[in-house]
Amino acid sequence: MRPSILSAMDLTREEEAILNGEEGEGRQKAMELVTALGKIYGAEDLIDITSAHLSGASYKTIGDGGLKYLEDMAAGGAKVTVPSTLNPVGMDRTRWREMHISEEFAEKQLRIIDLYGQMGIRTTCSCTPYVGPNVPSMGDHVAWAESSALSFVNSYIGARTNREGGPGALAAAILGKTANYGLHLDENRKPTVVIDADIDGSIFSYSLLGQAVGMAIGSGVPYFKGISPEVEEAKTLCAAMAASGSVALYHVEGVTPEAGNFDVSDLEVIHIGEKELQAAYDKLNTVDDIQLIALGCPHLTEKEMHQIASFLKGKKKVNKDVEIWFCTSAEIRDRCPEDVKIMEEFGPVLADTCMVVAPIEGTFQRTGTNSAKAGNYLPTLCSQKAMCRDIAKLMEVVL
Amino acid sequence: MRIEGRSISPGKAKGEVVKLNEPLSFLGGVDGSTGDIRVGDGGNVAGKILVFPKGKGSTVGSFVMYDLMVHGKAPAAVINESAETIVATGAVISSIPMVDSIPSIDIFENGDVVTVDADAGTVEIEGVECRSVVSSAILMDGKVLMLKRPATCHSFPGKWSLVAGKIEPGETPTEAAKREILEETRIPVGGPDAVVRPFYVREGDVLWKVHGMLFRVSFADPKINEENEMFEWVSLEDVSGMDTVTDTMAVLEQLMK
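Chains Y and P are the protein sequences, given in the same order.
The first sequence begins at 1243 in the numbering used here and counts up by one.
The second sequence begins at 4 in the numbering used here and counts up by one.
Don't take each hint at face value.
[Stated by the list, open to error] Which stretches of chain P does chain Y cover? Using the computed rule of at least three CB atoms under 8 Å from a CB of chain Y, they are:
{"no.": "1", "region": "4 to 16"}
{"no.": "2", "region": "56 to 67"}
{"no.": "3", "region": "87 to 97"}
FYI, nobody ran anything at the bench for these hints, they're computed from the structure.
By construction, the Cβ of each residue, glycine as well, lies at the ideal position given by its N, Cα and C atoms.
So that you can see chain P by itself, here it is in the shape it has in the complex (with noise of 0.2 Å):
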């Protein structure tokens, strides 16, 4: 599947993820003749696509990479979420492919193999498949209302979400989110009252891709069906100390801001 990033300096490259989950000087951070990463859980970056959120540290960072190129250690593609002036300065000096406006650098797992078209800005992850999904927040006196998964759930079994559901073809995010409400809980909703920018939630071989919105309803009285095994609401504080899936904690925090 192909994520559209944003184009910083051009090139072709493919390769597999070295990842930091940290922003990065490569002053320090990085040798800049045998190319090992000296932060973090260490690694080398030579010939691997390299993935970290932004760059911080010294402007000396943008010929540390010169050095690396020099070196035959360059990595073979630089990934950012958001690109600074001294990573995205080093990257074009040494002729590094770098994109960055990913959505998250969550979405790459190290030894994911990425595909980095950096002329046109986009990022592909080797099979992995992109599902994309609505996770829809009721509201009630301030409570939103949790489902909890059997265990037998084929997804994040045993854990409570939002209402959740994937996109059926043809179906707007909107259309799939007041769909999955009337067949998981029986509640008829307007709306929606808010939706956040979507969102990736990587598990295993699958991407997925998160349409959050949020249903104001004045009463409600759900009936569950065969997809979940108990409802209950709960006040937002609270739903931080439950067992939840992946998005359901970004999900809220978007929507309440």
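This is chain Y alone, in the form it adopts within the complex (with noise of 0.2 Å):
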């Protein structure tokens, strides 16, 4: 026998029914997808999943092939069956021309956003959907897209996702399921690698470290000692790891939830110190003057807001040549009124997007950051020279 599209994976009897088209077209296109992605990563069946988390959401990335393809599947009556939240958009949905955006593209975006609602996902268009409204628990087997999230929720909280892509991670939140193999499986989430880390433990140092590991490992589990992240830094750490090389899941000693089932005595150790970080430093920044500072990738938490708030609280924007925006999730914005109250004197606070996603190539060609993923990403995706400094030193430009 063949291994056709049904005895390639051990599938259910409901499972196959849907292959077969007994629930409709949108179902069986689903699980032609999770059967096919499942088949090539060596899948023996399927899971079931608690929530997904899904990108492709920005018209910049997507274009119209994608836009078309959102169309058809809201119009097939595709239909959510988990919970399941939405990444950054291109714009901030009210304040896009703030952003320079044109009325085509905003139209075009309002459109994408429109559909992924009628699929009845939930539009917060925000990458750290952990903090607010999709927060899976340790064990619980999901289907995240965009890569900082979901090295987030593998790592910090234990859950167990694959790198989704946009379509996969529609079509199973579609069905409910998703392919079982790779980070879903006890065997592939064990250490690959320890990272001996010595850093002063400011976020920033998060995003060297994050993208020295990448430049040092690429891929792989690596085993952390030597730092103790909160959310915000394991955020960050995310974030660039999963930029500079395409780590999905790390442990860290005595902190992350599955770092104590793990020996990890006869692992290859790496030491990231002083000497690593500066290469990591000088491989992020490629300017000395800039036109944009970007703050928020991943989107700012709470803490991060009341952080930036009060080192700018009573301080002035001199410099009028230079834009800020603050990226973060509508939830967010509406939590902190007086820190936006603050903020909004040196720029603009946007939901929904950031300046990976939106498309600020039209406006700005020299953009800084205090995000490796950023970092990574302002030169490939935007076209910007980029620079990476923390925070207070980003904001020495325009004070």
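Grab the two chains, each in its own frame, and use the hints to assemble them into the complex.
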């Protein structure tokens, strides 16, 4: 018997019925995609998921092909069956004019948000849904796209997801199932290398650490010693390692929930200290003068909003030529009205979007950020020369 | 002849092959509204059997494939050596039949008419016949026995080769290898000491399925028949400098792994 669509994976009677189209074309297509990906990566069966997080939301990244795909999916009646959230889009859905966005872009972007909404996806438009509306539990199987967010829920929470792509995560959300392979399985969650980290513990040092580790190992499951990240630091580390490498899971001794399960005494140890952090810094910094300072990659948390506001309080923006964007979710913006008031003196506090997925290349050529992830993607996805420094140093440009 | 691969995206299609020899990023590599190929030798994917080793690049490539479908410019089918997420996703969401895990894209030539049955995971090249052959490396003191074919030979005339020949009906590859070695060199062998996974070599309308084998001998005195005009014991490094038939280096490289 040939390995046909049906026989390649061990499907339940119900799953086979979906694949045969008995529950409509939309669910059949979703099953074809989940099983095709499962086959490629050697999954033996499917596994139930408790949530999904979808990428492929900015009109800038998915283009007209992606928009038409979503139109067709929504028109076909596709609906998600597990709680699902959406990644940032190409603009703040109400303040897009302040971002120099064209009418045409805005119209298509709003349509994309609307289509995801029609399919039952919560249009949070944030890359940090795990601090708000979409919080998996330890051991949950989930289907998350967005490299930084999926690394966070894998590592810091102990949920289980592979690096899903946009359509794959949508298909999984529609079915409530994904292919059971990779990081869903115990054996692939074991550390592959020990990172002996010597950093000062600031948020920015976590950006550089993540950049340096990604540069050193590329992929794998690093096990950190010598750091104690809280949510903000872990978020920064996730984003950096997923951008400079393709790390989707890491453990931190004494901090992350699965770290105690492993004996790492036989693993190779890589030291990351001053020299490696300097190399990471040099890689991320390609320009000395900038037109835009963009903070919030990944989206600013409530704590970061307070920190930035208290740093800026009482100061004045002297250099009017440089714009400042603060990127967060609408939910967090609403929760911090006092901070927002102070920050708005310096630049807009934007929701739904960020400097990477917004079409900033139409307006700016040189951008500053405190994020290693943004530092990696600004040159490639936004044609920018990038400056990557901590917030205080970036702000020296305008104060 | 039918080649077995693996079904990735269902459906059936027949069409002419457009082949790219390098991994393809649909984003940047193919125009989503016209189907024009912007890399390699150009061409157009619309209605064709698009053959390339594997996908690469941006995940947006999946949506470029969808764009092609929307514009009626999608390939009739996609054939890859190994599928990855981007192209597999694009093929499934765009209802493009797709097969992977074929032995090598080298079995296809541009312009071949190919039938793809992506439900079964098989591919058939029209008018091309498959012939199974053995290709044996006889190794003595680190040197391999090379035979030179006469200029009048019907297959790869004038070139150097290992001890090669067709597998006759009812014969196993090992039996064929031993028979050919005896016929062409009069060397009796035991073994084989190593066997490589069969691979394919395309020569016009013939697709050779090559079974490579290694036989070690401590002493041998080859007496060649009329199928070859001379022999030589050659060090492995020096074989690469010879004018050999297409499969020789591939067999040796895999045998030496």
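Against the structure, the hints come out as follows:
no.	hint	in the structure
1	4 to 16	holds (count 6)
2	56 to 67	holds (count 5)
3	87 to 97	holds (count 8)
Every hint from the earlier list agrees with this structure, and none is contradicted.
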